[in-house]
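Please model the complete structure; the sequences and the hints are all you need to start from.
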Amino acid sequence: MSENWLLKVQDLSVHFHSPRGVVHAVDNVSFEIKPGETLALVGETGCGKSVTARSILRLVPEPPGEYASGKILLSQDQDQSIEILSAPIKAVRAIRGERISMIFQDPGKALNPALTIGRQLAEVFGEHRMDMILENAGIEPDKASRADKMIAQQRASFLQIRLFSLLRSKKGKALQKSIDDAVARALADTGIPNPRKIMKSYPHELSGGMKQRVMIAQALACDPDLLIADEPTTALDVTIQARILELIQEMQKRRGMAVLYITHDLSLVREFADRVAVMYAGRIVETGPAVDVLASPQHPYTQGLLGAIPHRRTPRGQLAAIPGSVPQLVSPPAQCHFASRCKWAAEACKSVVPLLNSTETSRKVACLRFDTAEKLSVDIGDMPARAEMGEVAAE
Amino acid sequence: MSGTTGSLAANYGVETDAVVSLNDIKVHYPVKEGVLQRVAGQVRAVDGVDLTIPKGKTLGLVGESGCGKTTLGRVIAGLVSPTSGDIWMDLTVEQQRDVQRLRNQNEKDFSEQDRQLWKQLTTGNRLGSMSREKQREYRRNCQVVFQDAFSSLNPRQLVRDIVGRPLRVHQEASGEDLNRKVIELLERVGLGAEHMLRYPHQFSGGQRQRISIARALALNPAFVILDEPTSALDVSVQAQILNLLVELQADMGLTYLFITHDLGVVQHMSDNIAVMYLGQIVEYGPTDQVFDNPLHPYSKILRDSNPSLEGKRSDRDWELSGTVPNPIEPPHGCRLHPRCPVAAAGCGWSVDDVLNSAEEKTPIIFETITTVERRDDFNAEVKFRDAEAAKSFATQVKSSVANLALDRPPELKGESVKLSFNEVPDASIQQIQDGRWTSCTRTQELGALPGFEKDKG
Amino acid sequence: MSSVSKQNKKSQQEKSRTTALSVKWARRREVALEVLRNPLTVIGLVIIFLFLMMAAFAPLLVEPNQPDPYQSPRDWSNIDAAPGVAGHILGTDSTGGDVLYGIIWGSRLSLQLSLTVVLFTLIFGTIVGSIAAMRGGKLDNLLMRIVDVFLSIPELIFALAIAAVLGPDFSNIILALAAVFWVKYARIIRGEIIRVKQADYVAAAKVVGDSQWNIYRKDVLPNAATPLIVQATLDMGNVVLIGATLSFIGLAQAGLTEWGALVSNGQSGLLAGEWWVSTFAGLAIVLWALAFNLVGDGLRDVLDPKTEGR
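Residue numbers (my numbering), protein chains in the order written: chain U, 1 to 395; chain B, 396 to 852; chain D, 853 to 1162.
Among the hints, a few may not be true.
Cut-off 30 Å, straight-line C-alpha distance, at most; resulting in silico cross-link-like pairs (DSS-like, lysine-lysine) [as the list claims (entries may be wrong)]:
(1) Lys421(B) / Lys1049(D)
(2) Lys514(B) / Lys1049(D)
(3) Lys756(B) / Lys808(B)
(4) Lys200(U) / Lys786(B)
(5) Lys778(B) / Lys197(U)
(6) Lys576(B) / Lys1070(D)
(7) Lys1058(D) / Lys529(B)
(8) Lys109(U) / Lys90(U)
(9) Lys427(B) / Lys990(D)
(10) Lys576(B) / Lys450(B)
(11) Lys1058(D) / Lys450(B)
(12) Lys109(U) / Lys756(B)
(13) Lys173(U) / Lys756(B)
(14) Lys253(U) / Lys756(B)
(15) Lys149(U) / Lys71(U)
(16) Lys200(U) / Lys173(U)
(17) Lys109(U) / Lys1049(D)
(18) Lys452(B) / Lys1058(D)
(19) Lys197(U) / Lys576(B)
(20) Lys71(U) / Lys34(U)
(21) Lys990(D) / Lys421(B)
(22) Lys990(D) / Lys576(B)
(23) Lys427(B) / Lys197(U)
(24) Lys793(B) / Lys197(U)
(25) Lys876(D) / Lys427(B)
(26) Lys778(B) / Lys200(U)
(27) Lys109(U) / Lys197(U)
(28) Lys529(B) / Lys1070(D)
(29) Lys197(U) / Lys808(B)
(30) Lys529(B) / Lys1049(D)
(31) Lys427(B) / Lys529(B)
Far from chain U by the CB rule (all over 12 Å, computed), these chain B residues [to be verified]:
(32) Thr453
(33) Leu573
(34) Ser599
(35) Arg734
(36) Lys756
(37) Ile764
(38) Ala782
(39) Lys793
(40) Glu810
In case anyone wonders, no lab produced these hints; they're calculated from the structure.
All values reported here derive from a predicted model rather than from experimental measurement.
No residue lacks a Cβ here, since even glycine has one placed at the ideal position from N, Cα and C.
So this is what it looks like as C-alpha cells:
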C-alpha cells in the first residue's frame, strides 16, 4: 500500500438498460478515499452519486444495471486489495457490514417495521460480532462449542427459536444478556438517552432523528473502515441535522473510520468533509479540498451551484440560476455534458470530453479552459480568469 | 404581565392593508379510539394563530415538520375549515383596527353604530359569513402552488387543460381564447406554446413547478400561497423558480405567503417572517431583524442550526433537548419550555413535564411509578413502588429547572411525592419592540432574548 | 411537437383543438402498443377474438336449431357418439345433442352472461363506491357495512342460493351473479378514490373553485379507474366460470347449450369412457377464463399507476 488508500474507484462506468436506450448513469468515475478521511460526493438529482455509492457495495440491481467498466479496490492487510466488482458474491457480503456499511436517506424505510429496535440490532451483532458476544457471556470464543454458538445465534435472531437454550438455560441467559448489553451499548454510543426503552420500541414509535441514530448504531456495530452516508440528514428537521452530522463526525474520530457522504447540500460539505468531488451528469467535474473548492470553485458548474444557493445578501430575484436542465443520459454524445448550460461553452466543448486534470496540488477540474484551451482553440477571452472566478464565488 | 390578549396580535401589519387576517385560528383533529370510535383527544394541528398578511409583500412561514404550517396554509386556501376562529379578507388598516376593537368586546355590549359596523365587516370581509359572490371572489384571489409538482398536476390531463382549467371554471375563456390565454400564461412562466399539448410526465421537476405556477396565475390572483414550492427541487432549478417568483411578484403586484422549512430560502425571499412551533406562532417580525436578533429561543436555535456556507454554526450551546411533545397534550405556558435551553420558573411547568423528563432521563425510576393521582395538570401525587425511588425522584425534581416553578418543594412522604406547581397561563404572542412579536415570556419580561447563563435566580 | 412551435400562432390556434385530440389518441395508442408488447396478452386477445367471431358467426358455422337455437338439435339415432361419428365432429351427448353445436352456440350465451354481469356490476359498484368515498361519513359507513355483509359470504355459495331461490333459468343465473359481483367493484373504487382524493391535484382543483362533480369526473375517476378496468377484464372470465358452475349443478334450463350444462351432461358418461362431452365443453370454459385472465394481467402491468409514464 504505497499510496495509502482505503478505497480506490477506477474508471467506474455503470449503465442502466431501459426501453429508451442505455442510460450512462456513471461515466468513468475515479476517486480514492484514504483511511480516516471524509469525502463528500456532491451533485444534484440524477448525477449518479447514489449509483456510485451503491456500486461500492455492489448494490446496483443487475439487470437493469450493469457495471460497464472499471474497478473498485478495497485495501486489505499486507498490501493486498480486493476488487469488489469481480469478487465472488460471498466475499462481497463479508465486506458489507464488516468493512463498509451504509446509512440511508430515509431511516424509516431502512428499518423493519415489524421488529423492535432491539431485535434488529441483535441480529446484526449475532451475524458479525459473535466473538464479542461469547466473550462477554464468559465463554472463550476459541473454545466455544457449536451448541454455544447456535444458542447465541438463535438468541440474536429475530425468529427466537429456543431449541438449544431450553437445554442450557443458564448459558442461554448469559448470552442473551451479553447480546442485550452489546445492543444497549451501541445505542448509548449514538447519544440515545435511554437505550433499554428504545430497544423495546418499534420503529414507528421513534422520531426521525432517533431512527437515524439507530441506523448509525447498526451501521457502526462492526467497526467498519468506511461508512457510506447517503443523504443522511435530508429527511430530518434542521434542528436535528447538525446533531446527526456531529455524531457521525465524533464516531469517525473515535474509530478512525473513513466517511463517504453522498449529498446535494454544499453547506454540509464545508463543515463536515475534508475533500469534495462534484458530480454532474455521471461524471466528476471537480475535486479538491472542501474548503478550497467552496472558496474558489474552478468548474463553471460548481460555481453555478454555489451561486444558486439562496442567500440574504443576494438581491432578491437575482440568484445565479443555472439555465436549462440536466441532459438526458441515454446514449450521451461525447462532449462536456455541461456545455449546453455553460456561459462559457465553446465549440470545442461540444466535441471533446474534458478530462479530470490537475490544476493545483490536490485539485482537479474537468474543464477544457483549464488545460487544453489553446490547443483546441477555445476562445477564453470572455471567460473569467481563475482568480476572477474565485472572487465571484467569494462575494 | 399586561392584559393584552392573543387576538390583539392580529395587528402585526397594522401599517399596511392586509390581504388576509387570521383571528385565533384553531384546527383540531379528533383522535378516535376503539370499535365505537370514541373521541379520545384532539390533535391540535393549529392552536390559536393570529396572523396578518400584508398586501404586496412576502410573508415567510417557517417551522419544522409537524408544526402546523402546511395546515395553516390550507386553512387560508380554504381547503381545511378551521375548528374555530375567523378569516378576514382584504381589510384596510382602518378596518383591521375596527375588527380588533370589536372582537375584544362582547357582542351584546355593542353600540348601535358598532353593531352596524360589525355587520358590515362580517358580511363583507369575513370568510363564511360573506356573500357567495364575495366567497367566489376570494377563491379567485387566493391561489396555491403546492410542494410536490408531481402530485399537484393531474397525470391524465394535458397541460392546456391543467392551466386553462381555472379560466374554464370561472368562465373567463373558452375555445380559441382559452388557448391564447394558456400560451400567454406559459410564456409568462418561461415555457412556450409547444408545451401546451403535453402530459405532465413529459416535464422535469422544475418545468412542472412552472406549470403549477402558471395555473395559479391564470385568474390573476392578488395573493398566492406557496407551500414549499421548491423543496423538491435541486438547488440550480430552485434558483430559477425563486427568481421567477420574484419577477412575477414585481410584475403583477402579488402577495406571497411562503411556507417553508428552509431558512436560506425564506431569508432570501420574504419581507416578514412568522416562526411556528407546535401549532402556534412564536415569533413574528421583519426577516432581517428576526435573523440578526431573534427574540424567541426557538428562532435562534432554528437560525443557528441552519447549515451555512460561511462561518461555523454559531453558538451551538443552544440546543433543543428531547423530542417534539405530543400535539394532543401540548405543554402548558410556553410550548417550548420542556426543550428550551433558557427555560425558567415562569415558563409553564406542570406535572406532565416532570414525568416526561423522568421517563426520558431515568427510565428505571419512571418504571417504578405505580399511580399518579392528579388534582389537575399542576397538582398531583406520584406514588412509587418503594421509598427509595420516590426519594431519588424528588431529588431529581429538585435539581431541575422545574423545581423553581414549584409552589412549594416536592413533599416526600414514604412512597409518594406530592408536586404542586404554580399555574401559568398559556403564553401569548406580544409586541415587545416596534413590529417585533414574540411569545417567549422571558423575552417579554426582559425586553430582549435571555442569555444562555443558566442563572436560575 | 417541435414542428408545432415553428408554425405561426394563428394557424396553431386553429389546429389546436384537433391536435389536442390527436395527442390524446397518440397517448392511448402508445399504451395499447405497450399492452401488445407482452406475448401472453396477445395470445389472450387472439383467443378472445376467436371466441367473439365464433359467437358472431354462429348461424353461419352451424345451422340454428328451430324454434330455439339455444337448444341443441337432437340426433336420437346417434346417442353418445364418439367424435367424428356420423358427422358429429366433437361427438354427441347422452341426449344426442351435438357437442360442437353446443360449444358454438354456448359461446353466445357466455358472452351474453359475462357482458351483462360485468357491465351491470361495474356501473352499479362504481356508483355505490363513488358515493361512499366522495360523501364519506355515516353514508360511507353504512354502504361499506352492507358491502362487508356481501363479502363475508363466498361468491359461489351466495350466487347459488339466489339462483336456487329464483328457480332454474339462465336469466336467473345472470341475476344471481350480478347481485354478487358488484360489491368487489364498490370496494375497489372506494379505496382508490380515497387514495386519489389525497393528491394535490384534487386540492388544486378545489382551490380553483371547481365543482365536486367536475373534480370527480376529471380528476378522481380517471385516476382511480385503472384497477377497475383490470378487475372487469378478469371478471369477464370469472363470471363464465361461476356461471358454468351454476348450470353444472342444474340451475339452467334442461338442454340449454351452455358450457357448464354441457359439462354436467357429459359427466355421467365419463366413467363409461365417453370423455368428449365434458372435455370439450370444459376446454371452452378454461380457454375463455384463461384468455381474459391473460389480458387482465397484461393490462395491470401496463396500467399500474406506479409504473405508468416513467
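Consistency of the hints with the structure:
1. Lys421(B) / Lys1049(D): holds, 24 Å
2. Lys514(B) / Lys1049(D): Given pair Lys514(B), Lys1049(D) is violated - Cα atoms ~37 Å apart, limit 30 Å.
3. Lys756(B) / Lys808(B): At roughly 23 Å apart (the allowed maximum being 30 Å), Lys808(B) and Lys756(B) satisfy the hint.
4. Lys200(U) / Lys786(B): holds, 27 Å
5. Lys778(B) / Lys197(U): Holds, at about 21 Å.
6. Lys576(B) / Lys1070(D): This hinted pair holds, its Cα atoms lying about 21 Å apart.
7. Lys1058(D) / Lys529(B): holds, 16 Å
8. Lys109(U) / Lys90(U): holds, 25 Å
9. Lys427(B) / Lys990(D): With a Cα-Cα distance of about 15 Å, the restraint between Lys427(B) and Lys990(D) holds, given a limit of 30 Å.
10. Lys576(B) / Lys450(B): holds, 26 Å
11. Lys1058(D) / Lys450(B): holds, 24 Å
12. Lys109(U) / Lys756(B): holds, 28 Å
13. Lys173(U) / Lys756(B): This hinted pair holds, its Cα atoms lying about 27 Å apart.
14. Lys253(U) / Lys756(B): Within the cut-off at roughly 27 Å; holds.
15. Lys149(U) / Lys71(U): Violated, at roughly 37 Å.
16. Lys200(U) / Lys173(U): holds, 18 Å
17. Lys109(U) / Lys1049(D): holds, 24 Å
18. Lys452(B) / Lys1058(D): holds, 25 Å
19. Lys197(U) / Lys576(B): violated, 61 Å
20. Lys71(U) / Lys34(U): holds, 17 Å
21. Lys990(D) / Lys421(B): With a Cα-Cα distance of about 25 Å, the restraint between Lys990(D) and Lys421(B) holds, given a limit of 30 Å.
22. Lys990(D) / Lys576(B): violated, 43 Å
23. Lys427(B) / Lys197(U): Measuring from Cα to Cα gives roughly 26 Å; hence the hint holds.
24. Lys793(B) / Lys197(U): holds, 24 Å
25. Lys876(D) / Lys427(B): Distance of about 45 Å is beyond 30 Å: violated.
26. Lys778(B) / Lys200(U): Distance ~24 Å between Lys778(B) and Lys200(U) Cα, so the pair holds.
27. Lys109(U) / Lys197(U): holds, 21 Å
28. Lys529(B) / Lys1070(D): holds, 26 Å
29. Lys197(U) / Lys808(B): Judged against 30 Å, a Cα distance of about 28 Å means the pair holds.
30. Lys529(B) / Lys1049(D): holds, 27 Å
31. Lys427(B) / Lys529(B): Measuring from Cα to Cα gives roughly 36 Å; hence the hint is violated.
32. Thr453: violated, 9 Å
33. Leu573: holds, 28 Å
34. Ser599: violated, 5 Å
35. Arg734: Since the minimum Cβ distance to chain U is about 9 Å, Arg734(B) lies within 12 Å and the statement is violated.
36. Lys756: violated, 6 Å
37. Ile764: holds, 14 Å
38. Ala782: Fine: 23 Å to the nearest Cβ keeps Ala782(B) off the interface.
39. Lys793: The claim stands: Lys793(B) keeps its Cβ more than 12 Å from every Cβ of chain U (closest is about 20 Å).
40. Glu810: At about 23 Å from chain U, Glu810(B) clears the 12 Å cut-off, so the statement holds.
Taken one by one, the earlier hints fail for this structure at numbers 2, 15, 19, 22, 25, 31, 32, 34, 35 and 36, listed in ascending order.
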